[in-house]
Structure formats: structure tokens, C-alpha cells
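Here is what each chain is made of, one letter per residue.
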Amino acid sequence: MAALYDRYSAVVYSVALRVLGDTGAAEDVLQEVFMQLWRNPGLFDSSRGSLGPWLAVIARHRAIDGLRKRRPETDIADVVVSFEPDMAGDAERARAMEKVRGTLGSMPQAQRQALEMAYFEGLSHSEISEKTGEPLGTIKTRIRSGLLALRKAFAT
Amino acid sequence: MSVHEQFAEDLALYALGALQGEERVSLEKHLEGCAGCRRELDQLRGDMALMALSTAGPVPPRRARQRLIEAVAREPRRSAAPAERRWWTLVPWVAAAALAAGLVALWLQNSDLQQRMAGLQDQSAQQLAELQRAREVVSTLTATDAMRVTLVAAKTPPQPQGKAIYVRDRSSLIFLASNLLPLPAQKAYELWLIPTSGAPIPAGVFKPDAHGSAVVVNPPLPPGVQAKAFAITVEPEAGSAAPTLPIVMVGAGE
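Order-wise, the sequence lines are chains A and B.
This note's numbering applies: residue 1 is where the first sequence begins, and numbers increase by one.
This note's numbering applies: residue 1 is where the second sequence begins, and numbers increase by one.
Source of the hints: derived by calculation from the structure; they are not laboratory data.
The structure presented is a predicted model; accordingly, all values stated were derived computationally and were not measured.
All residues carry an ideal CB built from backbone N, CA and C; glycine is no exception.
Incorrect hints may appear among the rest.
As the list claims (entries may be wrong) - Pair by pair, the computed Cβ-Cβ distance ranges are: (1) B:Gly21 - A:Thr23: 31 to 39 Å; (2) A:Glu121 - B:Ala73: 33 to 41 Å; (3) A:Ala25 - B:Gly21: 38 to 46 Å; (4) B:Val59 - A:Thr132: 31 to 39 Å; (5) B:Arg62 - A:Gly133: 41 to 49 Å; (6) B:Gln109 - A:Arg95: 44 to 52 Å; (7) A:Gly105 - B:Val59: 48 to 56 Å; (8) A:Arg95 - B:Ala96: 31 to 39 Å.
What the hints assert, rightly or not - Only some residues are given here: those of chain B computed to face chain A with a beta carbon under 8 Å: (9) Glu9; (10) Arg45; (11) Gly46; (12) Gly57; (13) Val72; (14) Leu113; (15) Met117; (16) Gly119.
Turn these sequences into a full structure, and let the hints guide you.
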């Protein structure tokens, strides 16, 4: 468990921190995510993806739940993350990080904003639409094409 | 994905947890029956994980690690169903197995040492027994109260006899004599080792007992001398460096 922690805690923590903007709350999420894994390792199905990305997604879910002061909405047992390259190695992770930042940086500002609002603020598309004044459909398209752009960056 | 283009955008929102209300309900209904969309959902979550990487940088404080380790120590984990077992659930088992292997190695080492010790004890006991036997042999040979009988052909008058047993490599010599004639006063018998070349070597001075018996055990001898014969002369009690003729008894090696 300590080894898993050493490998993945930074990803889990940084996602939670970015979402919550509070180190104490981010620590709580970190603790909760790893404890959940400890209590019930069967939650994660290694045949359907790798652990690092899965933890990242779970961490985000938990952090958003915390942000919105709501009960956990997603049963983490249902979460399957299909993601080939694991983020286990430091070097791989650093390379992947660069790629993601590069991809986000090259997106149109409005698309990146929509994606980040959905991802880090846990806002629904209608909330984003309200905030930005853009039509719902546009927001939807931006979010999806943003995610697909990331996928494409890693497809090669 | 292309088959269900109408759901594609909703799927991305759903993956992000940003889809609400009616749309969410209808998508979930659709997902139940559509493996293609479920796969796409998994994919989108992978894409989301990539988003997480854009935040990477801050690391949790050290105390968070300690806190987790303490919490883990306090809480026994629920055992996962075997089918659901993942590699890290094996970590404690691997650790236990490694420990067990270590114990087995120690145990083997220990039993090896014990065996070797037992071996040494056996060896030591064996040596003790051999020593005991040797002592018995020697004490029997040298005992003053031993009955010494020389058997000869019937109706043959007793003759002075000597038997020398010599092991050259060990320079070990045992000499037994019987029916020796009594000696004049101030005289003793002296045993000589006659080498294949060179002068006779003194091999012990002795006096027979009242029955004419005598024993010489391991007199001091130079090492590795090839013996041709053994002889006995009568010498002064202190012994001589060279035999004084005549030779009273002699025997050659075979």
C-alpha cells in the first residue's frame, strides 16, 4: 500500500487540490481514495485499465463531491477507465504530463475553459453555459472534442 | 461511437459527471443496452485521467503518508472475493511468503548446522570409542596382571618367543615376548630394529616378568624406517646405543 501511495499519491493529491483549492481538503480526499482501495481492492479491475488513471478519475470524483458538498454520486465500483499507458513510471508520467499540458495549451481558449470548468469545477454543461453565455450545444461539443483531442495526442 | 452519435456528446459530459436531469437518465438507460457506448465511456474516462495530469506538480505533505499508513494499520481490510483479487491484494501474501521463505531458509540453515554439530558429536563419540578400545588394547597388552599364554605344538618344550608388530608409516611398534630366560643381575633385554640399510636402531629396553613375558609398546623410533628384521640382545640395564653380541633372538620380516 505504501508503494502504491508513493507512486500515485501525487496525481491523486494534485487533482484534489486543483478541484478543491485547499490542501487540507485535498489531503482528506487523498486519504479517502487510498483507504477505499485498501478496504476493498476488488473495486479496481485491473483487466479493464490501469490503476493510475483510475485513481485519478476517482480522486476527481471525490473532490468534486466534496466541492459541491454532496454525497458521493458515483459508485466507484462502476468506474472503468480505459487507458493504455500506465502512469506508474516517473519518466512516463513526466512525458505524459508534458503532452497533456501541450495539448491543453494548443486548444482554443474557450474550449479549454469549458473543459476545465467541467473537469475541475464539476460544473454541468448548463452551469457552464450560464457562466459563459455560450449555447448549451456549443459547450457540449467543446467538452467532448477537448477530451478527444487529448485522446488523439496519446493515440500516436 | 459513430452508431450513437446522438449520445456521443452526452457521454463526455456523463463521464465528467456534468450531465444532469432528463439527459442523464436517458443516457444511463441507453448505456445499459449498448456495449459500444459503454466502451466509449471507459475511453472518455481515460481521457479524463489525462486531464488530471495537467495538474501534476504539487505533492502531498509527508504527514499525509504517515496518516494513511496509520489508518491502514488500524483497519483490517475486507477480503476481496478471489475472482476480484488484484495484484496488490497479493502484496501481504507475497510479504508473508517471503517471510516464510526466509524462515525456511533459516530453519534449513539451522538444521544444517545441527546436522553438522550432530555429525561432529558422532565423530567425537566415535573417536572416544576408538580411543577407549585402543586404551583397552594397550592396557591389556601392558597390564602386569595379564595372563600371557603362548600356544605351541603339543609336546613341544616351551621356547623363548617374541612377536614384533611394526607399522612403518606410523613408526609404531608393539613387541610381545614370552618364555624369556631370566636375566643376570644388572642386565636387561634390548630390542633392535634392523633396517634394510644402516646400523641397528634401539627399540626399547625391557625385563621379562616372573613368567618370562614382556611387552614393548611404541618405543621412540625415527620416522619411516624400513625394517628388515628385529633382534634382541642382552645389554646393561640402561641399554646400549649399539647391540652387544650375541643376538639371543631374531626374526626377519616377510
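To see whether the hints hold, each was checked on the structure:
Range check, Gly21 of chain B to Thr23 of chain A: Cβ separation about 34 Å, and the 31 to 39 Å hint holds. Roughly 36 Å separates the CB atoms of Glu121 of chain A and Ala73 of chain B, a value that falls within the hinted 33 to 41 Å. Distance hint check for Ala25 of chain A and Gly21 of chain B: the Cβ-Cβ separation is about 28 Å, which falls outside the suggested range of 38 to 46 Å. Distance hint check for Val59 of chain B and Thr132 of chain A: the Cβ-Cβ separation is about 33 Å, which falls inside the suggested range of 31 to 39 Å.
For the pair Arg62 of chain B and Gly133 of chain A, the supplied restraint of 41 to 49 Å holds, since their beta-carbon distance comes to about 45 Å. Between Gln109 of chain B and Arg95 of chain A the C-beta distance comes to about 46 Å, which sits within the given range of 44 to 52 Å. Distance hint for Gly105 of chain A and Val59 of chain B: a CB-CB separation of about 23 Å, inconsistent with the stated range 48 to 56 Å. Range check, Arg95 of chain A to Ala96 of chain B: Cβ separation about 36 Å, and the 31 to 39 Å hint holds.
With 8 Å as the threshold, the beta carbon of Glu9 of chain B comes within range of chain A, its nearest partner Cβ sitting at about 4 Å, so the hint holds. Satisfaction of the interface hint for Arg45 of chain B is found here, the shortest Cβ-Cβ separation to chain A being roughly 4 Å, below the 8 Å cut-off. Annotation: interface hint on Gly46 of chain B holds; nearest CB of chain A at approximately 3 Å, less than 8 Å. For Gly57 of chain B, the shortest C-beta to C-beta distance to chain A is roughly 6 Å, which falls under 8 Å, so the interface hint holds.
Interface restraint check for Val72 of chain B: the shortest CB-CB distance to chain A comes to about 5 Å, inside 8 Å, so the restraint holds. For Leu113 of chain B, the suggested interface contact is broken, since its CB lies about 35 Å from the closest CB of chain A, more than 8 Å. A cut of 8 Å between beta carbons decides the hint on Met117 of chain B: the least distance to chain A is about 41 Å, and the hint is violated. Given hint, Gly119 of chain B at the interface with chain A, is violated; its Cβ is 44 Å from that chain's nearest Cβ, farther than 8 Å.
Figure legend: structure checked against the earlier numbered hints; hints not met, in rising order: 3, 7, 14, 15 and 16.
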